[in-house]
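Protein chains: 2
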Amino acid sequence: MNKIKIDTSVAFLYPMPMVLVGSVVEGRANFMAVGWISRVNFNPPLFAIALAPHYTNKGIYENREFSINIPDVSLVEKTDYFGLVSGSKTDKSEIFNVFYGESDKVPLIKECPVCMSCSVYDAVKLPSNTLYIGEPKEVFTEEKYMTDNKLDIKKINPFTLTMPDNHYWSVGENLGKAWIIGKNLKKK
Amino acid sequence: MNKIKIDTSVAFLYPMPMVLVGSVVEGRANFMAVGWISRVNFNPPLFAIALAPHYTNKGIYENREFSINIPDVSLVEKTDYFGLVSGSKTDKSEIFNVFYGESDKVPLIKECPVCMSCSVYDAVKLPSNTLYIGEPKEVFTEEKYMTDNKLDIKKINPFTLTMPDNHYWSVGENLGKAWIIGKNLKKK
Numbered sequence: 001m002n003k004i005k006i007d008t009s010v011a012f013l014y015p016m017p018m019v020l021v022g023s024v025v026e027g028r029a030n031f032m033a034v035g036w037i038s039r040v041n042f043n044p045p046l047f048a049i050a051l052a053p054h055y056t057n058k059g060i061y062e063n064r065e066f067s068i069n070i071p072d073v074s075l076v077e078k079t080d081y082f083g084l085v086s087g088s089k090t091d092k093s094e095i096f097n098v099f100y101g102e103s104d105k106v107p108l109i110k111e112c113p114v115c116m117s118c119s120v121y122d123a124v125k126l127p128s129n130t131l132y133i134g135e136p137k138e139v140f141t142e143e144k145y146m147t148d149n150k151l152d153i154k155k156i157n158p159f160t161l162t163m164p165d166n167h168y169w170s171v172g173e174n175l176g177k178a179w180i181i182g183k184n185l186k187k188k
Numbered sequence: 001m002n003k004i005k006i007d008t009s010v011a012f013l014y015p016m017p018m019v020l021v022g023s024v025v026e027g028r029a030n031f032m033a034v035g036w037i038s039r040v041n042f043n044p045p046l047f048a049i050a051l052a053p054h055y056t057n058k059g060i061y062e063n064r065e066f067s068i069n070i071p072d073v074s075l076v077e078k079t080d081y082f083g084l085v086s087g088s089k090t091d092k093s094e095i096f097n098v099f100y101g102e103s104d105k106v107p108l109i110k111e112c113p114v115c116m117s118c119s120v121y122d123a124v125k126l127p128s129n130t131l132y133i134g135e136p137k138e139v140f141t142e143e144k145y146m147t148d149n150k151l152d153i154k155k156i157n158p159f160t161l162t163m164p165d166n167h168y169w170s171v172g173e174n175l176g177k178a179w180i181i182g183k184n185l186k187k188k
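So the protein lines, in turn, are chains A and B. In terms of the numbering used here, the first sequence is residues 1 to 188. In terms of the numbering used here, the second sequence is residues 1 to 188.
Any given hint could be a false lead.
Since copy identity is lost for identical chains, a pair holds within one copy or between any two.
[As the list claims (entries may be wrong)] Straight line, CA to CA, 20 Å or less: simulated PhoX-like cross-link-like pairs of lysine-lysine:
1) 137 x 150
2) 110 x 154
3) 154 x 3
4) 89 x 186
5) 155 x 5
6) 3 x 150
7) 144 x 3
8) 154 x 144
9) 58 x 177
10) 177 x 155
11) 5 x 110
12) 89 x 155
13) 89 x 58
14) 155 x 137
15) 58 x 125
16) 105 x 92
17) 89 x 183
18) 186 x 125
19) 110 x 137
20) 110 x 144
Quick caveat, the hints were computed from the structure, so don't treat them as lab data. Just so it is clear, the structure is predicted and the values come from calculations on it, not from any experiment.
Whenever a hint applies, use it, and build me the whole structure from the sequences.
Below, the structure is given as structure tokens:
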């Protein structure tokens with residue numbers, strides 16, 4: 001066997017979906033780039049985001065609300081910028097056009113194809129990060145990102161991140177239908 | 001504004017990384033397909049997987065250990081099969097070549113470019129799913145999946161899932177370097 005062991009500190013997923021998480025901090029819309037995110041519950045839909053201490057967290061903690069915004073490939077530079085510069089030192093609110101749904105504490109990004117307004121369902125403290133579990137209350141998109149009334153990843157055109165090499169990646173080719181293509185093996 | 005609201009039940013990430021999670025149940029290696037997974041802590045590295053009640057969970061619960069295996073695109077049919085058929089009814093252990101690291105309770109898949117043996121750090125009960133948080137104890141790969149001593153996504157060639165349209169996707173083009181390309185906006 002050619003398997004080799006590598007250090008656990010380089011254990012990452014390949015690839016990780018990139019989003020922008022938003023909150024209102026000290027009266028101002030603030031966003032940060034997040035790649036450690038997952039859907040975590042079926043009903044109600046819940047998402048977990050794992051955040052190190054950041055300026056955005058202050059708003060999430062205070063308001064018990066945050067947004068998840070899925071950027072497209074045209075926003076890769078801007079998204080990266082939000083991972084480089086803290087809102088505590090720089091007003092990043094002018095980079096995007098911000099809109100609001102029912103809550104004025106949940107800033108949403110107009111340029112992002114999919115935006116979710118979430119309330120905090122739970123927060124799990126881990127050694128370095130806090131896992132904020134959020135329940136979407138409103139989901140916004142545009143007709144142009146949908147096909148047959150479903151969100152269409154090729155129209156959304158999102159991107160992913162790899163670590164520790166630190167690169168962004170587009171979505172590639174369609175490899176087949178889930179919960180269908182595996183049926184070929186059932187006959188064997 | 002052209003934003004429309006859609007139902008929160010269709011709130012998913014675009015795209016979701018696909019892995020195979022393994023455990024030993026009733027003395028037999030068992031795996032399931034999982035797309036709800038995220039790195040959740042920096043130090044120690046921790047991963048969260050959100051599992052609905054499944055046969056594999058029984059082994060995770062009993063042994064407090066499980067594996068995360070990242071399949072490549074050549075394994076998309078086999079991975080899908082593991083999401084279609086329960087180990088409670090079908091012995092799926094012959095589909096892959098299984099190997100073990102230090103623990104005989106953590107089955108790893110030889111065909112997968114990256115395999116992690118994890119111990120359960122915590123388990124968070126959510127309404128439909130349980131969030132198993134695991135700490136990797138051993139990470140296995142092969143030289144052919146690395147470039148300059150780092151895992152290389154183009155060599156790993158993993159795939160992702162979208163829901164609720166239920167499609168698998170390859171990884172596309174390199175869009176630039178994270179924590180670098182956003183610096184262009186700093187000057188503005």
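These are the hints, each one checked on the structure:
Taking the shortest alpha-carbon separations for residue 137 and residue 150, only the intra-copy value of 18 Å comes in at or below 20 Å, while the best inter-copy value is 40 Å. When the C-alpha separation of residue 110 and residue 154 is checked against a cutoff of 20 Å, the pair qualifies only within one copy, where the shortest distance is 19 Å, while the shortest distance between copies is 32 Å. Taking the shortest Cα distances, residue 154 and residue 3 sit within 20 Å of each other only across copies (18 Å), while inside one copy they are farther apart (36 Å). In the homo-oligomer, the alpha carbons of residue 89 and residue 186 lie at most 20 Å apart only across protomers (12 Å), although the nearest pairing inside one protomer, at 57 Å, exceeds that limit.
Taking the shortest Cα distances, residue 155 and residue 5 sit within 20 Å of each other only across copies (17 Å), while inside one copy they are farther apart (39 Å). When the C-alpha separation of residue 3 and residue 150 is checked against a cutoff of 20 Å, the pair qualifies only between copies, where the shortest distance is 15 Å, while the shortest distance within a copy is 41 Å. Taking the closest pair of Cα atoms, residue 144 and residue 3 come within 20 Å of each other only across two copies (10 Å); inside a single copy the shortest separation is 46 Å, beyond that limit. Taking CA atoms no more than 20 Å apart as the test, residue 154 paired with residue 144 passes inside one copy only; the shortest distance there is 11 Å, against 31 Å between copies.
Neither within a single protomer nor between protomers do residue 58 and residue 177 lie at most 20 Å apart by alpha-carbon distance, with minima of 41 Å and 28 Å respectively. Within a single copy, residue 177 and residue 155 get their C-alpha atoms as close as 18 Å, which meets the 20 Å cut-off; across copies the closest is 23 Å, which misses it. Taking the shortest alpha-carbon separations for residue 5 and residue 110, only the inter-copy value of 13 Å comes in at or below 20 Å, while the best intra-copy value is 45 Å. When the C-alpha separation of residue 89 and residue 155 is checked against a cutoff of 20 Å, the pair qualifies neither within a copy, at 35 Å, nor between copies, at 39 Å.
For the identical chains of this complex, residue 89 and residue 58 are intra-copy neighbours only, at 14 Å inside a copy versus 48 Å across copies, given an alpha-carbon limit of 20 Å. For the identical chains of this complex, residue 155 and residue 137 are neighbours neither inside a copy (23 Å) nor across copies (39 Å), given an alpha-carbon limit of 20 Å. Proximity of residue 58 to residue 125 under the C-alpha cut-off of 20 Å is restricted to the intra-copy arrangement: shortest distance 15 Å within a copy versus 26 Å between copies. For a Cα distance limit of 20 Å, the shortest separation of residue 105 from residue 92 inside one copy, 16 Å, qualifies, whereas the shortest one across copies, 49 Å, does not.
Only between protomers do residue 89 and residue 183 lie at most 20 Å apart by alpha-carbon distance; the minimum there is 15 Å, versus 54 Å within a single protomer. Taking identical chains as interchangeable, the C-alpha atoms of residue 186 and residue 125 are never at most 20 Å apart, the minima being 42 Å within one chain and 32 Å between chains. Only within a single protomer do residue 110 and residue 137 lie at most 20 Å apart by alpha-carbon distance; the minimum there is 17 Å, versus 42 Å between protomers. Taking CA atoms no more than 20 Å apart as the test, residue 110 paired with residue 144 passes inside one copy only; the shortest distance there is 14 Å, against 42 Å between copies.
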